[in-house]
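Residue strings, one per chain:
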Amino acid sequence: MITIDALTKRYGGYTAVDHISFTAEAGRVTGFLGPNGAGKSTSMRVMVGLTEPTSGSATVLGRRFADLPNPGREVGVLLDASAQHAGRTGREILTLAARTIGMPKSRVSEMLDLVSLTEEEAGRRVRNYSLGMRQRLGIAAALIGDPEVLILDEPANGLDPAGIRWMRDLLRRFADDGGTVLLSSHLLHEIEVIADDIIVIGNGEIVAGGTKEELLATAGTLVRAEDSVALAAALTEAGITVHPSGSDALRAESDLAAVGRAAFAAGIPVTELRAADGAGLEEIFLELTAQTQREGVAA
Amino acid sequence: MNASTSTATPTVTTAPVTTEPPAVRRPRAEVAPIPFTRVLGVELRKMFDTRSGFWLMASIVILSVVATGATIIFAPEADLDFESFASAIGIPMSVILPIIAILSVTGEWSQRTGLATFTMVPSRSRVIAAKWLLTVAVGVAGMAIALGVGALGNLIGSSIAGVDVVWNVSAREFAQIVLANSIGMLMGFTLGVLLRSSAAGIVGYFVYSLVLPGVSSALASNQQWWADHGAWFDLNMATYPLYDTALTSEQWAQLGVTAGIWLVLPMLVGLWAVLRSEVK
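Those protein sequence lines, which keep their order, are chains A and B. Numbering follows my numbering, with no gaps: position 91 of the first sequence is 91. Numbering follows my numbering, with no gaps: position 231 of the second sequence is 530.
Incorrect hints may appear among the rest.
What the hints assert, rightly or not - Listed next, with one range per pair, are the computed distances between beta-carbon atoms:
1) R168/A to R575/B: 31 to 39 Å
2) S82/A to R471/B: 44 to 52 Å
3) G368/B to A162/A: 28 to 36 Å
Since the hints were derived computationally from the structure, they do not count as laboratory data. Even for Gly, the Cβ is constructed at its ideal location relative to N, Cα and C.
Kindly generate the complete structure, drawing on both the sequences and the hints.
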């Protein structure tokens, strides 16, 4: 279990993480979702003691990370798969980790098997690894101490779709086994397919949090027509609040029947009409992304 | 080294009891703290397990052999004694050993391996202490190897030239040369901890070993006070006598004071910064 309590990290006048609190429960995969620069990595570095918080606390299994006697045996950490000496082989990196935390040598081969890195690949220097291979190596290093908690920063980066599926199954098994998983991503879809609980962070603050079901709960109706301007006008006329969703669709704050009736009454042929699954979360996320991303400002 | 090594007691950690997950993790074995010897072993391995690290270490032997060969070929017969071999080997050693010391520290930052190292061993001072001890050990071992190569060179060179073998380096002289080189190495180590960047550390070391002596001697030739008292402040100046004579008690005191100024103080500042810095 990971408990974050009123955690704040400031750099001079800039607040990277602003008073965040949340818990990642045992037996569940918690997704830490936010656009680039939202404060995910900073929060994760604080959790594992690489960065001192300005105020607040982060505990793992009830203790500060630095107070764990042998953290590698209780917490598996992958913060940046590229942060390895390019001249070491994959096998050597795992061997160093195994030796440091006191795991038997056999564990190295087991982990290589687990993440499907071949003997030949393990003997190659990390310089010659693709990002996907580095991620697999990083996951192997995180799991080598047979930990209870996993803290993974953007672990799906660089993995192909099959790799993402493999990781999802791996993390699922880990959590079903009673482990705690916290993983971050800037991609909503990735988090959606893996996580049980989702924490959304933007500009250093938590903007939404809860179980996936809660956050992805039907948030109105998604409706599309050839003339979306006329449709929006007709729905507004009928007293239904609408928001643009994607390029040409609308999200209406009402149920399917009411929206369909309003469109029919206005004589507008509807090309798509369905429950807006997850639109709520998507909207929150798009809004966040728009605020923080340069494209949004420029446009 | 660190209080946590001896006082931290192994603790049983159990998965927190939650109602949600049906599967509770199997009971976990006691987790013992990481012993300092293991940190030492891993750090030693890290000095050799990359191609660049391996060749850096191998260069101690290679440079000794090259310097010895050059002495055999170029030194006049009259000078063919152990001292010429020792001083010929001493020059490359005084360059390579500090670089080894600098890179052993700065690699954690410039190669970003510190992310893994300091996550597995959160007590950064233990890692730095291990590296410090290994630096000294590598320095002493390196010097011993270099001396062995030099001795072999002396035997071969003298027999080729047909002159008597002259062993004119005493144990005290050798010990002083080892000490002088260790001071150079520790200077490199200190700069590594202080600057945490390979390039800056190496440049800093050469400023210390090549630029500062010139500045100091220029100052000494203009300022009598500095010529008389400089050895209390200038580590280079305090180290020179180690290469020639048996030190007087005043010279030992000067060595101690300057080592405090140049090695201990910056090290404390560097450690303070390392413990607080963010590892990214």
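Each hint tested on the structure:
1. R168/A to R575/B: 31 to 39 Å: Between R168/A and R575/B, where Cβ atoms are some 38 Å apart, the hint holds.
2. S82/A to R471/B: 44 to 52 Å: holds, 51 Å
3. G368/B to A162/A: 28 to 36 Å: violated, 57 Å
The structure shown violates just one earlier hint, number 3.
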